[in-house]
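K.L.:
Sequence:
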Amino acid sequence: MIAYRIDIADLHTHHFEVTLQVPRPAAQQELSLPVWIPGSYMVREFGRHLSGLRAWQGRTEVPLLQLDKTTWRADCADARTLRVSYRVYAFDTSVRTAFLDDRRGFFNGTSLCLRVTGREADPHVVTLGRLPRGWSVATAMPSTGEREYTAADYDELVDHPFELGTFWRGEFEACGVPHEFIVAGAWPGWDGQRLLDDTRRICEQQIRFWHGHAGAAPPFGRYVFMLNAVDEGYGGLEHRASTALIAARRDLPRPGMETLPDGYVTLLGLISHEYFHTWNVKRLKPVELARPNYTGENYTRMLWFFEGFTSYYDDLMLQRAGLIDVARYLKLLAKSVNTVAATPGRQVQSVAEASFDAWVKYYRPDENTPNATVSYYVKGSLIALALDLRLRHKGSSLDALMRGLWSLGNGGPISEADIDRTLRAMGQRAAADDLRAWVHGTGDMPLGELLKGVAVSWSTERAGWAASLGLRLSEGAVTGVQVRQVLAGSAASDAGICAGDELLAVDGWRIRRLDDAQAWVSRQQAFDLLLVRDQRVRQLRVQPRDPSPLHETVVLAMHDKAPAAALARRRAWMAG
1435 MIAYRIDIAD LHTHHFEVTL QVPRPAAQQE LSLPVWIPGS YMVREFGRHL SGLRAWQGRT
1495 EVPLLQLDKT TWRADCADAR TLRVSYRVYA FDTSVRTAFL DDRRGFFNGT SLCLRVTGRE
1555 ADPHVVTLGR LPRGWSVATA MPSTGEREYT AADYDELVDH PFELGTFWRG EFEACGVPHE
1615 FIVAGAWPGW DGQRLLDDTR RICEQQIRFW HGHAGAAPPF GRYVFMLNAV DEGYGGLEHR
1675 ASTALIAARR DLPRPGMETL PDGYVTLLGL ISHEYFHTWN VKRLKPVELA RPNYTGENYT
1735 RMLWFFEGFT SYYDDLMLQR AGLIDVARYL KLLAKSVNTV AATPGRQVQS VAEASFDAWV
1795 KYYRPDENTP NATVSYYVKG SLIALALDLR LRHKGSSLDA LMRGLWSLGN GGPISEADID
1855 RTLRAMGQRA AADDLRAWVH GTGDMPLGEL LKGVAVSWST ERAGWAASLG LRLSEGAVTG
1915 VQVRQVLAGS AASDAGICAG DELLAVDGWR IRRLDDAQAW VSRQQAFDLL LVRDQRVRQL
1975 RVQPRDPSPL HETVVLAMHD KAPAAALARR RAWMAG
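Take the sequence shown: its position 371, counted from the start at 1, is 1805 in the numbering used here, and no numbers get skipped.
No lab work stands behind these hints, which were simulated from the structure alone. Note that the structure is predicted; figures quoted are calculated from it, not measured. Keep in mind that a hint or two might mislead.
Capping the alpha-carbon separation at 30 Å, the derived lysine-lysine pairs in DSSO-like fashion look like this [what the hints assert, rightly or not]:
| # | residue 1 | residue 2 |
| --- | --- | --- |
| 1 | Lys-1719 | Lys-1769 |
| 2 | Lys-1719 | Lys-1503 |
| 3 | Lys-1995 | Lys-1886 |
Working from the sequences, and respecting the hints, build out all of it.
P.N.:
This is the structure:
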């Protein structure tokens, strides 16, 4: 058994101490730390936080030779147990790495646990050392003793994050399965019971989505939500029986809350998204990721399905669980429509290409990102919407496709060919052809027409002036107006405005918010823009484009006077 002991070395310098024991090591035993964590498709170089690596057999120190940025070789004298010790710096509050201070600890195995080459299939055990007074432990990894936890292999070991500290803990059952919810860093007086009740409704909705009402068990016996509440932050990372979440404290529910604030709806959507991943990416997964390679990039062209289709269902599940109404759901849907419409990169890169490029593009956005690429999350969710509505018009649904894919092997690796074959087996050849075109092409889906078929109206309203010019800005009372991004093919791009420019005045009038200039400049009128670039004051002439797609945003609403067939399809869509 491969054994790790994880101790708190120093709370104030944020260091864990790790001791690894390898029985019967190879003569030249290689050890390596992953360079990425499954679910977050970017090489993150976790090895840069490791220091003080030393090894022994008995009392004899074993030479270690570093082979590359994250791999070491121990030259062992015999088959005696190899003991390796090292420190890991942990001061990243994200869900992907490790963190330690005097209030809280958190880690993923990919950040702390060296992989023993050739022994990945062995059972692995983690023992936590002494913790500060009052601290508790939360993890979905099975416990076999006091602060001792076991995993069947290395893949399972690194798929169970640990939360340490003085956190809030709540419990509930969903379809008879125990769930825990851990919240660290919350303000006093928030409504924990409301969070448990709403999360339970999400979980029950999703378990029934995948397994029906016949009592089929989900693919886990216990599930743990771990939420780190911070001043500013948002994100999540899925695991096989848990998820690590980060959200703003102000978005937690408050006692007596009668309506759901947008921030809390966003948090519930995050919970829904990561829980849906328990099926769609942790079990159903790209064939290329059936066994992850921890030493480098793992390429797939299918993130549009595993992230995009999950992004479609996350908010839809809130509506089906009765947490938001149809009108609010359509508002969230319209936000996705407008996000993609305002991304010129959608006409440059397909979602299949965006999936493949995730390692160098999605997680490394810059000022040119909206012009060069498209989000496989957001456009992927709209492809799911389009496919669902197309299938419903033909008497089927995306729900049926998802369950059909699950039944291929009770969850397991799938390819794009499996999706195509399943659609064709459902008698949906035309939908399969449409899906291939949407995934591998750069055209827009006929969403307005498809939504009309489920009694949803599509209208437009005027966008803000800055948005219509093709500008994405940062605006503050002190810093003024700073250009973050300039959209390709826009009036701002034609005028020569660049990311990083500080906007000072319009037609000689000082501005603090660009949209304020609409008070004296019409949308069609050319104007002089005074700005600062690289400490130099410049003046540019801007000629708005009208009409332009950037001038409008889409508004979706229920159309209750639609034909009866369309109304029936909408009811079925919303009810699942």
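K.L.:
Could you run down the list of hints and mark each one as holding or not?
P.N.:
Now the hints, each set against the structure:
For the hint pairing Lys-1719 with Lys-1769, the CA-to-CA distance comes to about 28 Å; that is within 30 Å, so the pair holds. For the proposed pair Lys-1719 and Lys-1503, the alpha carbon gap of about 29 Å is at most 30 Å, so the pair holds. A hinted pair counts as satisfied when its Cα atoms are at most 30 Å apart, and Lys-1995 with Lys-1886 qualifies at roughly 11 Å.
The structure meets every hint from the earlier list without exception.
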